[in-house]
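Peer 1: Sequence:
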Amino acid sequence: MKAPVNKIIPVSVVDGPGSRTAVFLQGCNISCAYCHNPETQNLCTGCGICVDGCPAGALALNGKMVSWDEKKCVSCDRCIAVCPNYASPKIREMSAEEVFEEISGNMPFIRGITVSGGECCLYPEFLKELFGLCKEAGLSCLIDSNGMVDFSLYPELLELSDGVMLDVKSWDSEVYQRLTGADNAVVKKNLELLWRKNKLEEIRIVCLSGESDYEKVLRGIAGLMGSPVTVRVKLIRFRPFGVRGRLSGALEPEDRVMRELAAWAGEMGYRNVVLT
Numbered sequence: 001m002k003a004p005v006n007k008i009i010p011v012s013v014v015d016g017p018g019s020r021t022a023v024f025l026q027g028c029n030i031s032c033a034y035c036h037n038p039e040t041q042n043l044c045t046g047c048g049i050c051v052d053g054c055p056a057g058a059l060a061l062n063g064k065m066v067s068w069d070e071k072k073c074v075s076c077d078r079c080i081a082v083c084p085n086y087a088s089p090k091i092r093e094m095s096a097e098e099v100f101e102e103i104s105g106n107m108p109f110i111r112g113i114t115v116s117g118g119e120c121c122l123y124p125e126f127l128k129e130l131f132g133l134c135k136e137a138g139l140s141c142l143i144d145s146n147g148m149v150d151f152s153l154y155p156e157l158l159e160l161s162d163g164v165m166l167d168v169k170s171w172d173s174e175v176y177q178r179l180t181g182a183d184n185a186v187v188k189k190n191l192e193l194l195w196r197k198n199k200l201e202e203i204r205i206v207c208l209s210g211e212s213d214y215e216k217v218l219r220g221i222a223g224l225m226g227s228p229v230t231v232r233v234k235l236i237r238f239r240p241f242g243v244r245g246r247l248s249g250a251l252e253p254e255d256r257v258m259r260e261l262a263a264w265a266g267e268m269g270y271r272n273v274v275l276t
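For the sequence shown, position 188 (counting from the first letter as 1) is numbered 188 according to full-length UniProt numbering, and the numbering increases by one without interruption.
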């Protein structure tokens, strides 16, 4: 089983607890207006626009496919900046065994892996195979997900996973639609399922000035899960780096706003709130 791999970070300390290898798969099922990695959303269409823009000559158009020479690449990401399709020509189609082989080289330095995206749950069979290999090697396995794939359809994947870091972008369906182009009913369903099965590693909420009522988000989560909320909740300050489109010029929330939000969370019964 193969999946399109955007990149593999050998050792990361921001993608779950401890040092972990982070694997980012290509492709997403929503289109967030504030996505800071928009090049992970789609697959390359072979238009060739990036080829002429590559200063290192690392790209070539072969028929309808763009080929990438990793040895020539200087990682300037000019190809990503000029791509009109929110894609990358540097995607590698890799089997679970090939990805695990790269992970194996990091094993003296890591305690597990985290698979993200894009939306990694678009490739459930690949994840099952990869997690099976990692489990045999004694590595923990986490999923970083936008929650738009119904986890109830993949009980074997949930069983293999040690937990899910779930994005909750808004509790209000209209706001969620405006931010992502999708409905959030399945996100709420997944939140309840993961909490009930003790598979909820972390809830992640990206906070943008004026775009959503984050007190309402916190109240909605607490109402569904009950109080106290013991799972870790990470309140992530929006930063415009990499963002395209209408929110590329959005302002970062002030420190005061983030502190007030964390204080509200404490008053609502949240016991493990992290500001980033």
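Since the hints were derived computationally from the structure, they do not count as laboratory data.
Do not take every clue at face value.
Result set (DMTMM-like, lysine to aspartate or glutamate): computed pairs, CA atoms no more than 25 Å apart in a straight line [stated by the list, open to error]: (1) K128 - D172; (2) K188 - D162; (3) K2 - E174; (4) K64 - D162; (5) K7 - D77; (6) K216 - E267; (7) K135 - D77; (8) K7 - E192; (9) K128 - D162; (10) K234 - D255; (11) K71 - E97; (12) K188 - E174; (13) K188 - D172; (14) K189 - E136; (15) K234 - E215; (16) K197 - E174; (17) K7 - E125; (18) K188 - E98; (19) K135 - E93; (20) K2 - E125.
So the derived label-pair ranges between C-beta atoms look like this [what the hints assert, rightly or not]: (21) R256 - E192: 30 to 36 Å; (22) L61 - R111: 21 to 27 Å; (23) G242 - A262: 22 to 28 Å; (24) E98 - V257: 40 to 46 Å; (25) D52 - G105: 21 to 27 Å; (26) A137 - R92: 17 to 23 Å; (27) G226 - N62: 30 to 36 Å; (28) E98 - P155: 42 to 48 Å; (29) D77 - R196: 39 to 45 Å; (30) A137 - G181: 34 to 40 Å.
Remember, predicted model here, so these are calculated numbers, not experimental data.
For glycine and all other residues, C-beta sits at the position ideal for the given N, C-alpha and C.
Peer 1: Take the hints in turn and mark each one as holding or not.
Peer 2: To see whether the hints hold, each was checked on the structure:
1. Proximity of K128 to D172 is assessed by CA-CA distance (about 32 Å); at most 25 Å being required, the pair is judged violated.
2. The suggested pairing of K188 with D162 holds, with an alpha-carbon distance near 20 Å, which does not exceed 25 Å.
3. With a C-alpha separation of about 36 Å, the suggested pairing of K2 with E174 is violated against the 25 Å cut-off.
4. Proximity of K64 to D162 is assessed by CA-CA distance (about 40 Å); at most 25 Å being required, the pair is judged violated.
5. Taken as a hint, the K7 and D77 pair is honoured in the structure, with Cα atoms around 13 Å apart against an allowance of 25 Å.
6. Taking the CA atoms of K216 and E267, the gap is near 13 Å; set against the 25 Å cutoff, the hint holds.
7. At roughly 34 Å between alpha-carbon atoms, K135 and D77 are farther apart than 25 Å, so this suggested pair is violated.
8. Restraint check for K7 and E192: the C-alpha separation of about 31 Å exceeds 25 Å, so the hint is violated.
9. A distance of roughly 12 Å separates the Cα atoms of K128 and D162; the hinted pair therefore holds under the 25 Å criterion.
10. A C-alpha spacing of about 15 Å is found between K234 and D255, which places the hinted pair at or below 25 Å, so the restraint holds.
11. Proposed proximity of K71 and E97 is supported: the alpha carbons are some 23 Å apart, at most 25 Å.
12. With a CA separation close to 14 Å, the supplied pair K188 and E174 stays within the 25 Å bound.
13. For a cut-off of 25 Å, the pair hint linking K188 to D172 stands: about 11 Å separates their Cα positions.
14. Note on K189 and E136: the hinted pairing is violated, with a Cα-Cα distance of about 31 Å set against a maximum of 25 Å.
15. Restraint check: the Cα-Cα separation between K234 and E215 comes to about 14 Å, which is no more than 25 Å; the hinted pair holds.
16. For the suggested pair K197 and E174, the alpha carbons sit about 28 Å apart, so the restraint of at most 25 Å is broken.
17. Between K7 and E125 the alpha-carbon distance is near 19 Å, which keeps this suggested pair within the 25 Å criterion.
18. With a C-alpha separation of about 34 Å, the suggested pair K188 and E98 falls outside the 25 Å cut-off, and the hint is violated.
19. Restraint check: the Cα-Cα separation between K135 and E93 comes to about 22 Å, which is no more than 25 Å; the hinted pair holds.
20. Restraint check: the Cα-Cα separation between K2 and E125 comes to about 9 Å, which is no more than 25 Å; the hinted pair holds.
21. Restraint check, R256 to E192: a C-beta distance of roughly 33 Å satisfies the suggested window 30 to 36 Å.
22. Taking the beta carbon of each, L61 and R111 are about 42 Å apart, not inside 21 to 27 Å as hinted.
23. Checked against the hint of 22 to 28 Å, the pair G242 and A262 passes, with Cβ atoms roughly 25 Å apart.
24. The hint said 40 to 46 Å for the Cβ distance between E98 and V257, and at roughly 44 Å that hint holds.
25. One distance hint, 21 to 27 Å for the beta-carbon pair D52 and G105, is violated here, with the actual separation near 35 Å.
26. One distance hint, 17 to 23 Å for the beta-carbon pair A137 and R92, holds here, with the actual separation near 21 Å.
27. At about 56 Å, the CB distance of G226 to N62 disagrees with the hint of 30 to 36 Å.
28. The hint said 42 to 48 Å for the Cβ distance between E98 and P155, and at roughly 26 Å that hint is violated.
29. Between D77 and R196 the beta carbons are some 41 Å apart, a value that agrees with the proposed interval 39 to 45 Å.
30. Remark: the range hint 34 to 40 Å for A137 to G181 is upheld by a beta-carbon distance near 38 Å.
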